[in-house]
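K.L.:
Order-wise, the sequence lines are chains A and B. Per my numbering, the very first residue in the first sequence carries number 1; after that it's consecutive. Per my numbering, the very first residue in the second sequence carries number 114; after that it's consecutive.
No lab work stands behind these hints: they were computed from the structure. The C-beta atom is built at its ideal place from N, Cα and C for all residues, glycine as well. Mixed in with the good hints, there may be bad ones.
Stated by the list, open to error - Each computed PhoX-like pair below joins lysine-lysine, with the alpha-carbon atoms no more than 25 Å apart:
| hint | chain 1 | residue 1 | chain 2 | residue 2 |
| --- | --- | --- | --- | --- |
| 1 | B | 115 | A | 57 |
| 2 | A | 11 | B | 155 |
| 3 | B | 210 | B | 183 |
Stated by the list, open to error - Derived coverage of chain B by chain A (criterion: at least 3 residues anywhere in the stretch with Cβ under 8 Å from a Cβ of chain A; other residues may be distant):
| hint | stretch |
| --- | --- |
| 4 | 157-167 |
| 5 | 203-216 |
If you want the building blocks of each chain, they are given just below.
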Amino acid sequence: GAGVSQSPSNKVTEKGKDVELRCDPISGHTALYWYRQSLGQGLEFLIYFQGNSAPDKSGLPSDRFSAERTGGSVSTLTIQRTQQEDSAVYLCASGGVLQETQYFGPGTRLLVL
Amino acid sequence: QKEVEQDPGPLSVPEGAIVSLNCTYSNSAFQYFMWYRQYSRKGPELLMYTYSSGNKEDGRFTAQVDKSSKYISLFIRDSQPSDSATYLCASGGNNRKLIWGLGTSLAVNP
Chain A
1 GAGVSQSPSN KVTEKGKDVE LRCDPISGHT ALYWYRQSLG QGLEFLIYFQ GNSAPDKSGL
61 PSDRFSAERT GGSVSTLTIQ RTQQEDSAVY LCASGGVLQE TQYFGPGTRL LVL
Chain B
114 QKEVEQDPGP LSVPEGAIVS LNCTYSNSAF QYFMWYRQYS RKGPELLMYT YSSGNKEDGR
174 FTAQVDKSSK YISLFIRDSQ PSDSATYLCA SGGNNRKLIW GLGTSLAVNP
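Model the full structure from these sequences, guided by the hints.
P.N.:
Dropping the structure here:
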C-alpha cells in the first residue's frame, strides 16, 4: 500500500518568507510525528499528533513553528519568517496499531537563503 | 547526558564482515527498542523492533536488548555493500515518544 508522502520534496525560500510543508500519513494511522534532521545531526522531535490533537508540542523550536492536522489525516507544518538556521530536512512519520513503530516519509529538504 | 547514546562512527568494513552496532540508554522506563536504516537522501525505514529484553532475528539481522545494562545492539551478518547506510537506534516508553540516537554511518566495501 501507499506509504507516507511529503510535499514538496525540496523547497528553496528567502529569509523572512513563510513556508508550508505537507504530510500525508499512511491511511488509518492515528499517530503522526514531525521531526527535523540537520546535516550530521540526529532526529530532532518537533510535534506529535494523536488524531487531530497535539498532546506533545514540546519540540517546536520557537513560536514561528506551528502545525495542524485535519480529519485525522493530512498534516501541515508551517514555518513563519524563515531563518537560515531553519534549513534542514523535515521528516514526517505516522504510526499504526503498534504506535510505537513509526513509518517515515521521504522528507522535505528546506533551504533558506 | 543524552537519554540514548550512539557512536556516530563512521564504521567501514569489508564485504562479508559481521557488523556490530550499539547504543546505550539511561531511562529505565524504556520498554521498546528499534533500529532504523536510513539511506542517503531518504527517510528512515524500520529495520527491527524489540519489546523488552532478548534477541530478535530477521534474516542477516539480529537485534539484542539487555535491559540490565541498558545496552542495545544490532548485528549484521555477511554484510553487503547495499547495507551501507546510517543506522539509527530508538527507544521509548508509554508516551509514544521515541528517543533517538544520533545514528552510526556504516560503509561496507566490496
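K.L.:
When the structure is checked against the list of hints, which entries are broken? Sort them ascending.
P.N.:
none
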